[in-house]
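Participant: Line by line, the protein sequences are chains A and B.
Take the first sequence: its position 72, counting from 1, is numbered 72 in the numbering used here, and each next residue is one higher.
Take the second sequence: its position 157, counting from 1, is numbered 157 in the numbering used here, and each next residue is one higher.
Keep in mind that the hints were calculated from the coordinates and are not lab data.
Heads up, a few of these hints could be off.
[Claimed, not checked] Simulated crosslink set (DSS-like; lysine-lysine; CA at most 25 Å straight-line): (1) A:K39 with A:K27; (2) B:K97 with A:K39; (3) A:K81 with B:K219; (4) A:K39 with B:K182; (5) B:K5 with A:K27; (6) B:K219 with A:K39; (7) B:K5 with A:K39; (8) B:K200 with B:K219; (9) B:K94 with B:K182; (10) B:K182 with A:K55; (11) B:K182 with B:K97; (12) B:K97 with A:K27; (13) A:K81 with B:K97; (14) B:K2 with A:K39; (15) A:K36 with B:K200; (16) B:K182 with B:K115; (17) A:K55 with B:K94; (18) B:K94 with A:K81; (19) B:K2 with A:K36; (20) B:K200 with B:K115; (21) A:K36 with B:K219; (22) B:K5 with A:K36.
[Unchecked claim] Ranges between beta-carbon positions, derived for each pair: (23) A:W80 with B:F65: 28 to 38 Å; (24) B:K2 with A:V87: 14 to 24 Å; (25) A:R83 with B:K182: 21 to 31 Å; (26) B:S35 with A:L34: 23 to 33 Å; (27) B:E117 with A:W80: 16 to 26 Å; (28) A:S26 with B:F77: 37 to 47 Å; (29) B:A217 with A:L66: 29 to 39 Å; (30) B:T222 with A:L34: 35 to 45 Å; (31) A:L103 with B:G220: 34 to 44 Å; (32) A:W80 with B:T222: 46 to 56 Å; (33) A:S26 with B:R125: 30 to 40 Å; (34) B:R179 with A:W80: 15 to 25 Å; (35) B:S35 with A:L32: 43 to 53 Å; (36) B:V189 with A:R28: 30 to 40 Å.
Treat the numbers as computed from the prediction; the structure is a model and nothing was measured.
Even glycine gets a Cβ: it sits at the ideal position worked out from N, Cα and C.
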Amino acid sequence: MNNLQILATVGILTFALRALPFVLFSKRAMPLWLIKLSKRIPVMILGLLVIYSLKDTRLGSPTYALPEIAALSVLALVQWKGRNPLVSILLSTGVYVLLLQVLSSSF
Amino acid sequence: MKIFKRAFIDSVPVMMGYLVVGAAYGVYAGDAGVSAFETIAMDFIIFAGSMQFVTVRLLNHAPAFLTVVLLTLLVNFRHLFYGLPLIEEYREAKGWKAYLVYALTDETFALTQQKLELDRSDRIRYYVLISLLDQSYWVVGSIIGLVLYRFIPFSTNGVEFAMTALFFVLFFEAMRESRVRKDGFASLVLCLLSLVLFPKGYFVVISLIAITLYIIAVKGGTNHE
């Protein structure tokens with residue numbers, strides 16, 4: 001395939017995957033099992049995305065798992081007590097960046 | 001204005017993540033010899049982070065049609081599930097509906113799953129705003145990457161953790177509801193298992209199949225509070 005064909009194919013398929021649930025169930029009702037699935041799936045997908053985003057960080061190396069563990073602990077604690085998402089996210093990202101740079105320069 | 005402020009503040013973590021990952025994508029594409037035009041065109045034609053990285057490797061290599069189709073289905077399989085909880089929410093989005101569906105990335109989906117104390121028409125305005133903001137961060141990030149590629153050797157420094165933190169916070173907040181807690185923990189266990197037991201390339205597909213089977217086989221929790 002040439003580049004134009006590749007871009008068109010990937011683009012159309014990506015949109016089709018996103019649109020399929022809306023197309024299938026905009027007029028007809030969802031079957032009961034799918035309604036149940038759609039109610040229970042959000043929290044499970046958020047859990048998946050947490051693991052998914054950690055999979056791409058440098059968990060493989062023992063030194064690098066420390067920034068993740070520390071930052072996620074700070075994040076959980078601050079969010080639990082403060083309930084301010086932006087503050088929790090900025091603070092834990094700061095912890096992560098700091099630890100990552102300190103640890104990667106000292107090992 | 002109030003809704004724009006809310007949407008902007010909520011999207012700041014996505015901005016941090018998208019600028020960094022978008023810049024990494026721009027550098028990656030430049031390095032692979034993809035033209036600047038094609039790099040930015042993908043932000044609009046595809047607009048799906050990991051798939052754009054994969055597509056960079058396909059361009060200029062004349063892949064077979066079936067290869068392109070299977071790779072796209074495999075990498076973007078999870079998007080099939082994002083619409084399900086949003087069918088009702090997006091029903092009355094009128095002219096914006098196609099855009100909302102097209103722009104439903106991982107991060108935008110995650111932001112739509114918060115509890116919003118807004119009426120429906122304001123919620124739709126909120127969804128449109130976060131979708132537009134998120135896409136603009138992604139495009140700007142890609143452009144920064146293309147520029148960086150030309151001038152400075154690039155290294156990501158950990159700011160992309162903001163995206164992990166965003167997913168974690170939204171997951172954490174969802175878990176305050178006792179009804180979903182069992183499902184949430186089950187998802188972490190199933191996804192960790194799939195990460196450990198199977199090749200990384202299949203992580204999402206296998207996790208989603210496991211989650212679907214789990215929901216069919218195991219009854220959901222009830223609300224105690």
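Participant: Would you mind marking each hint as holding or not holding in the structure?
Facilitator: Comparing the hints with the structure gives:
1. Our distance criterion of 25 Å between C-alpha atoms is met by K39 of chain A and K27 of chain A, whose separation comes to about 19 Å.
2. Distance hint between K97 of chain B and K39 of chain A is fulfilled; the C-alpha atoms sit about 21 Å from each other, no more than 25 Å.
3. Taken as a hint, the K81 of chain A and K219 of chain B pair is broken in the structure, with Cα atoms around 31 Å apart against an allowance of 25 Å.
4. The hinted pair formed by K39 of chain A and K182 of chain B meets the criterion: a straight-line CA distance of about 14 Å does not exceed 25 Å.
5. Proposed proximity of K5 of chain B and K27 of chain A is contradicted: the alpha carbons are some 34 Å apart, above 25 Å.
6. Proximity of K219 of chain B to K39 of chain A is assessed by CA-CA distance (about 12 Å); at most 25 Å being required, the pair is judged to hold.
7. About 29 Å separates the Cα atoms of K5 of chain B and K39 of chain A, which puts this hinted pair outside 25 Å; it is violated.
8. Restraint check for K200 of chain B and K219 of chain B: the C-alpha separation of about 29 Å exceeds 25 Å, so the hint is violated.
9. The straight-line distance between the Cα atoms of K94 of chain B and K182 of chain B is roughly 36 Å, outside the 25 Å bound, and the hint therefore fails.
10. Using a Cα cut-off of 25 Å, the hinted pair K182 of chain B and K55 of chain A holds, with the two alpha carbons roughly 23 Å apart.
11. A hinted pair counts as satisfied when its Cα atoms are at most 25 Å apart, and K182 of chain B with K97 of chain B does not qualify at roughly 33 Å.
12. Between K97 of chain B and K27 of chain A the CA atoms are separated by roughly 15 Å; this keeps the pair inside 25 Å, and the hint holds.
13. Between K81 of chain A and K97 of chain B the CA atoms are separated by roughly 37 Å; this puts the pair beyond 25 Å, and the hint is violated.
14. For the given pair, K2 of chain B sits about 29 Å from K39 of chain A by alpha-carbon distance, which is inconsistent with the 25 Å threshold.
15. Of the pairs offered as hints, the one joining K36 of chain A and K200 of chain B is violated, with about 29 Å between alpha carbons and a cut-off of 25 Å exceeded.
16. Pair hint K182 of chain B plus K115 of chain B holds up; C-alpha atoms about 19 Å apart against a cutoff of 25 Å.
17. Annotation: proposed proximity of K55 of chain A to K94 of chain B is violated, straight-line Cα distance about 37 Å (limit 25 Å).
18. With a C-alpha separation of about 40 Å, the suggested pairing of K94 of chain B with K81 of chain A is violated against the 25 Å cut-off.
19. At most 25 Å may separate the alpha-carbon atoms for a hinted pair to count; K2 of chain B and K36 of chain A exceed this at roughly 34 Å.
20. About 32 Å separates the Cα atoms of K200 of chain B and K115 of chain B, which puts this hinted pair outside 25 Å; it is violated.
21. For the hint pairing K36 of chain A with K219 of chain B, the CA-to-CA distance comes to about 10 Å; that is within 25 Å, so the pair holds.
22. Among the hinted pairs, K5 of chain B with K36 of chain A is inconsistent with the structure: their alpha-carbon atoms are about 34 Å apart, more than 25 Å.
23. In this structure the supplied range 28 to 38 Å is violated for W80 of chain A paired with F65 of chain B, their Cβ-Cβ distance being about 50 Å.
24. Between K2 of chain B and V87 of chain A, the C-beta spacing of about 20 Å keeps the proposed range 14 to 24 Å intact.
25. As the Cβ distance of R83 of chain A to K182 of chain B is approximately 23 Å, the hint placing it in 21 to 31 Å holds.
26. The hint said 23 to 33 Å for the Cβ distance between S35 of chain B and L34 of chain A, and at roughly 42 Å that hint is violated.
27. In this structure the hint that E117 of chain B and W80 of chain A lie 16 to 26 Å apart at CB holds, the actual value being about 21 Å.
28. Distance hint check: the CB atoms of S26 of chain A and F77 of chain B are about 21 Å apart, inconsistent with the given range 37 to 47 Å.
29. Distance hint check for A217 of chain B and L66 of chain A: the Cβ-Cβ separation is about 37 Å, which falls inside the suggested range of 29 to 39 Å.
30. Against the hinted window of 35 to 45 Å, the Cβ-Cβ separation of T222 of chain B and L34 of chain A comes to about 21 Å, which falls outside the hint.
31. Restraint check, L103 of chain A to G220 of chain B: a C-beta distance of roughly 41 Å satisfies the suggested window 34 to 44 Å.
32. Range check, W80 of chain A to T222 of chain B: Cβ separation about 23 Å, and the 46 to 56 Å hint is violated.
33. About 21 Å separates the C-beta atoms of S26 of chain A and R125 of chain B, a value inconsistent with the hinted range of 30 to 40 Å.
34. With their beta carbons about 19 Å apart, R179 of chain B and W80 of chain A fall inside the hinted range of 15 to 25 Å.
35. Between S35 of chain B and L32 of chain A the beta carbon distance is about 50 Å. The supplied range of 43 to 53 Å therefore holds.
36. Checked against the hint of 30 to 40 Å, the C-beta distance between V189 of chain B and R28 of chain A comes to roughly 35 Å, which is consistent with it.
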